[in-house]
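Listed below are the residues making up each chain.
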Amino acid sequence: QKEVEQDPGPLSVPEGAIVSLNCTYSNSAFQYFMWYRQYSRKGPELLMYTYSSGNKEDGRFTAQVDKSSKYISLFIRDSQPSDSATYLCAMSARGNEKLTFGTGTRLTIIP
Amino acid sequence: DSGVTQTPKHLITATGQRVTLRCSPRSGDLSVYWYQQSLDQGLQFLIQYYNGEERAKGNILERFSAQQFPDLHSELNLSSLELGDSALYFCASSVGGAVSEQYFGPGTRLTVT
Numbered sequence: 001q002k003e004v005e006q007d008p009g010p011l012s013v014p015e016g017a018i019v020s021l022n023c024t025y026s027n028s029a030f031q032y033f034m035w036y037r038q039y040s041r042k043g044p045e046l047l048m049y050t051y052s053s054g055n056k057e058d059g060r061f062t063a064q065v066d067k068s069s070k071y072i073s074l075f076i077r078d079s080q081p082s083d084s085a086t087y088l089c090a091m092s093a094r095g096n097e098k099l100t101f102g103t104g105t106r107l108t109i110i111p
Numbered sequence: 001d002s003g004v005t006q007t008p009k010h011l012i013t014a015t016g017q018r019v020t021l022r023c024s025p026r027s028g029d030l031s032v033y034w035y036q037q038s039l040d041q042g043l044q045f046l047i048q049y050y051n052g053e054e055r056a057k058g059n060i061l062e063r064f065s066a067q068q069f070p071d072l073h074s075e076l077n078l079s080s081l082e083l084g085d086s087a088l089y090f091c092a093s094s095v096g097g098a099v100s101e102q103y104f105g106p107g108t109r110l111t112v113t
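One line per chain: the protein sequences are A and B, in this order. The numbering of the first sequence is my numbering, which starts it at 1 and goes up by one. The numbering of the second sequence is my numbering, which starts it at 1 and goes up by one.
Hints are supplied without guarantee of correctness; some may be wrong.
Stated by the list, open to error - Residues on chain A that point at chain B, a partial pick, calculated with CB under 7 Å: (1) S28; (2) Y32; (3) G43; (4) P44; (5) Y49; (6) K70; (7) S92; (8) A93; (9) F101; (10) T103.
Since the hints were derived computationally from the structure, they do not count as laboratory data. Only a predicted model underlies this, so the values are computations on that prediction, with no experimental measurement involved. Ideal Cβ placement from N, Cα and C applies to all residues, glycine included.
Sequences and hints are given; from them, build the entire structure.
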């Protein structure tokens, strides 16, 4: 069993819809949670960073962490065609430590 | 632009050869991480350096080695290359200490023929 599970999709939604992306994990030591966006053949771009449980909002993006359920989510409001990319969740147990990634969800926003 | 630079962008080489990938971290970052991304394995951690010292090793083959220099740039050396080594290789950097935010470079695409 992988430490981090993420539905690979693909996921297609119409422009303007709310998108929900999720990951589950098995290692209860994980405390730092990140979401990255990766366009085709480009480097992952850090979108959201949260520590422990709770919510964090940044513009159209909201990250949620539920450590009791070992479940994290990323919500994208008012989705745009430019949001079409692969979204990767990542996590680590301590600061300054390697990240363990999900396999990524490929998202397409249809104009 | 994350501020992390990687060279070269593309490498095409033959089996059995050796290549060196280079990474310059963001200004002020002390930690450098190397990751491999292949279609079937996703992003896999290879090795981490912190301020010139090896800090952690992941799924790095014995044919691969890395180092971080006094100016904090890092090089990943891949030798006796096999077809299965074809992948995207990313470098990421972070400040270090208690920080987990890692910023990724644009990657080097390695093709072994």
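Going through the hints against the structure:
no. : hint : in the structure
1   : S28  : 17 Å, violated
2   : Y32  : 4 Å, holds
3   : G43  : 4 Å, holds
4   : P44  : 5 Å, holds
5   : Y49  : 5 Å, holds
6   : K70  : 18 Å, violated
7   : S92  : 5 Å, holds
8   : A93  : 9 Å, violated
9   : F101 : 4 Å, holds
10  : T103 : 5 Å, holds
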